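These protein sequence lines are chains A, B, C and D, in that order. 109 is the number that our numbering gives to position 109 of the first sequence; each next residue is one higher, with no gaps. 52 is the number that our numbering gives to position 52 of the second sequence; each next residue is one higher, with no gaps. 93 is the number that our numbering gives to position 93 of the third sequence; each next residue is one higher, with no gaps. 110 is the number that our numbering gives to position 110 of the fourth sequence; each next residue is one higher, with no gaps.
FYI, nobody ran anything at the bench for these hints, they're computed from the structure. Note that the coordinates shown come from a computational prediction; the quantities given were computed from them, not determined experimentally. Only true hints are included.
Derived EDC-like pairs: lysine to aspartate or glutamate, alpha-carbon spacing no greater than 16 angstroms straight-line: (1) K26(D) with D120(D); (2) K26(B) with D46(B); (3) K26(C) with D123(C); (4) K18(A) with D7(D); (5) K26(C) with D46(C); (6) K18(C) with D7(B); (7) K18(D) with D120(D); (8) K18(B) with D120(B); (9) K18(D) with D7(A); (10) K26(C) with D120(C); (11) K26(B) with E45(B); (12) K18(B) with D7(C).
Selected chain D positions facing chain A (in silico; Cβ < 8 angstroms): (13) T5; (14) L6; (15) G36; (16) H38; (17) L39; (18) V40; (19) A43; (20) E45; (21) D46; (22) N50; (23) P53.
Just some of the chain D residues that point at chain A, by a computed CB distance under 10 angstroms: (24) P27; (25) S29; (26) Q54.
Here a beta-carbon is modelled for each residue, glycine too, at the ideal position from N, C-alpha and C.
There are 4 protein chains.
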Amino acid sequence: MSRITLDQAQAIVAAALKEGRALGLKPLSVAVLDAGGHLVAFAREDNSSNLRPQIATAKASGALALGVSSRVIGEMAIERPTFINAAAGLNADGIVPAAGGVLIRDSAGLVIGAVGVTGDLSDNDEKAALAGIAASGLAS
Amino acid sequence: MSRITLDQAQAIVAAALKEGRALGLKPLSVAVLDAGGHLVAFAREDNSSNLRPQIATAKASGALALGVSSRVIGEMAIERPTFINAAAGLNADGIVPAAGGVLIRDSAGLVIGAVGVTGDLSDNDEKAALAGIAASGLAS
Amino acid sequence: MSRITLDQAQAIVAAALKEGRALGLKPLSVAVLDAGGHLVAFAREDNSSNLRPQIATAKASGALALGVSSRVIGEMAIERPTFINAAAGLNADGIVPAAGGVLIRDSAGLVIGAVGVTGDLSDNDEKAALAGIAASGLAS
Amino acid sequence: MSRITLDQAQAIVAAALKEGRALGLKPLSVAVLDAGGHLVAFAREDNSSNLRPQIATAKASGALALGVSSRVIGEMAIERPTFINAAAGLNADGIVPAAGGVLIRDSAGLVIGAVGVTGDLSDNDEKAALAGIAASGLAS
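So here's chain A without its partners, still in its complex pose:
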């Protein structure tokens, strides 16, 4: 089983931002965390608002915390809002219950990290995240 490298993380960031430009999205922020939830690479496009680093990180960290994408966490938040509030309070980097946080898996299917994207509509954030992972050769 592998560990995500800085090269892989930076490839994910670059490809996610490139997808954002291709789709004409608002300025994006992209965070890539390792399996333990620790930041490996991050980029925030010009003219982004101030909380984007924390939101991108929380989307990724939440996915690693609960073992599902932040889109799924968003669905859980509709059915069980108090549970998701509680979980967010327990996670050091918080949890953001909206699409854009996607687990990163190696070729064996084991989780080696997560990417979190924020800046546009959640669905678009997630598109950028998935494009980032695809370009890196890793799986989601």
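Put chains B, C and D on the given structure of chain A with help from the hints.
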């Protein structure tokens, strides 16, 4: 009134995990706290997500905080979400309003601790918790 | 590169506690964390004080935070107390600058986790930690 | 007055890491913050310990918090440790009183951000930080 021992706590953990395997559950995490809410024993099965230690602990701690199982707290959270959010903010280890946290009682019926299980659906977490307590000879 | 398993973590805990009994130490608490700093196994012996779970965890978490044993962090704390105070404030699980927290390495020498022991004098806590790792077949 | 751009921030990160390799340093982490203290770019080299993102960020954030390099803050910490401890507690991202955090200035001499480097000895962290800024065409 007795105090829960490490031997009893480890027996609860082992039996809860064994029940999980018998039921074919996802990887479980089991925390046993003493009457004061302090961790006595904990185990997290391989391939669990990152927040499981805190969730297992919060299920048990919440039960001790409010004097009812975390299943009951989950029901309270539907009727009175603001109260449960507030209580979770007050408790150092948080409160998770979902089944899986069960009070442990001695033969006199006095609370001597709590077990918290997480990893599968809440109903199944609670089954593992109850199996753990039953195997230890203590009551719930 | 490998990930620490629950079996390995529980072996470390058991062997550390056994060493404590062999040396006639005060009641010990032993925490084993994975490479990301997340708790895998924990045990607190009977008649331990309340903060032992957090102290054991912080010794191990601090070692993973800075990449050195908590004994070395204790030495750093003498030379650069403000730096260690600052680092402790930045780490979600804190840092305890005293011996007893030891990094766990796989056969390739890569860090796969850490063990933290507390309960007796720091030097003795560290002896128990090292005995725990040795018995598990892993390296330190 | 200009604002630091993502391109400039990424140039600083890349050049700082390149300097680290040229000097044979341990794995580095580099954070670039804008004038408001918000993360713009970050990279953590492989085999770094877990707290490096927070330490790099705190070195840069502290420089922006007090208006001096973190080397100077380290000197202040020797003379006035209680003040620096207090300041660190007030700053959301903390303050690390060791060299490696350097203010970034535009051609008019106005502060537009800060870089924070960690991973090796503080003096070497600062060399990498200064090399990063120099390569970006900005001033320090």
